[in-house]
Amino acid sequence: MKISMIRDLLDAEVLCCEESLDNDVYSACGSDMMSDVLAYVKDQAVLLTGLVNPQVIRTAEMMDMVCIVFVRSKRPSEAMISMAEDDGIVMMATEKRMYDACGTLYINGLIGAKAVHV
Amino acid sequence: MSDSLVFHFDVDGDNFTSAGQASTQVKKNLRQLGLSPAIIRRVSIAMYEGEINMVIHANGGTADVVVTEEYIEIVLRDSGPGIKNVEEAMQEGFSTATDSIRSLGFGAGMGLPNMKRYTDSMKIDTVVGEGTTITMRVNLN
Ligand SMILES: Nc1ncnc2c1ncn2[C@@H]1O[C@H](COP(=O)(O)OP(=O)(O)OP(=O)(O)O)[C@@H](O)[C@H]1O
Ligand SMILES: [Mg+2]
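Taken in order, these protein sequences are the chains called X and B.
Residues 1 to 118, numbered by my numbering, are exactly what the first sequence covers, in order.
Residues 119 to 259, numbered by my numbering, are exactly what the second sequence covers, in order.
One chain only, chain X, in its complex shape (with noise of 0.2 Å):
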């Protein structure tokens, strides 16, 4: 799935990195706690989350994660941005809830954690 596949399912403003949109990803994972995101690596893209503060993109870039969606209207601050911009990661916000973020992109053909041969 395109990034910008991502961003038209769920209705998402992108903040940063639109010159990234054209990329594809194969999985994502959704959660609130980042050692749980940090427990599953098998190539996981997309990283959806309601937490918003610096460690969400740490956690991504430690994961050669490329794309964040925020769920829930959740908007992270400049230097957050700034951060991302400086990692290549698209970040972008949502109105939909996680479940139904999740669920979206599933049933759309973005699994969850699959190994994928790069």
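These are computed hints drawn from the structure, not numbers from a lab.
All values derive from a computational prediction rather than experimental measurement.
Yeah, the Cβ is synthetic: ideal placement off N, Cα and C, and Gly gets one too.
A hint or two may mislead.
Said to hold, decoys possible - Each pair of labels, with its calculated beta carbon distance range:
(1) X:Tyr40 <-> B:Thr135: 37 to 45 Å
(2) X:Asn108 <-> B:Ser122: 46 to 54 Å
(3) X:Asn108 <-> B:Leu153: 29 to 37 Å
(4) B:Lys146 <-> X:Ala79: 14 to 22 Å
(5) X:Glu85 <-> B:Thr251: 33 to 41 Å
(6) X:Ile81 <-> B:Lys146: 30 to 38 Å
Got chain X sorted already, so can you dock chain B with the ligands onto it with the hints?
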């Protein structure tokens, strides 16, 4: 070992926002050395979990990373409260984190198990009331 590289960091215990900066820097340094992405990811996740633990449980400390031909070693030292029962702390889901820490996204009780999972060896030296030193190694071959 003349070929080994050493990185040293002070980890500020009063600043949750900056927690993880040392791990971020190590990740950059390892990329420059041209190590494989899988190795870099294991090292940086393990170090990041340990760095966060030092900030949220032990009021900061120091991190030393040594890169040799054979392995990468991460040593995290703090003078925090120590860990009363290491076996218990190593269980998935065990956490003493407060609600305020949980609201920051930590306290799932997954950090130490993750550190063990992503490294080839991990040693915890801890004394209650004195502090904790965690030594982790990831082999390169
Ligand atoms: N450096 C440390 N100093 C003192 N206690 C520690 C330290 N590291 C871990 N602990 C103790 O071990 C417990 C388990 O640590 P672990 O990293 O597995 O989970 P957590 O930090 O509570 O939550 P998570 O890592 O999932 O965000 C902690 O709750 C804490 O009581
Ligand atoms: Mg932890």
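To see whether the hints hold, each was checked on the structure:
1. X:Tyr40 <-> B:Thr135: 37 to 45 Å: Violated: the Cβ-Cβ distance is about 26 Å, outside 37 to 45 Å.
2. X:Asn108 <-> B:Ser122: 46 to 54 Å: holds, 49 Å
3. X:Asn108 <-> B:Leu153: 29 to 37 Å: holds, 36 Å
4. B:Lys146 <-> X:Ala79: 14 to 22 Å: holds, 19 Å
5. X:Glu85 <-> B:Thr251: 33 to 41 Å: Holds, at about 36 Å.
6. X:Ile81 <-> B:Lys146: 30 to 38 Å: violated, 20 Å
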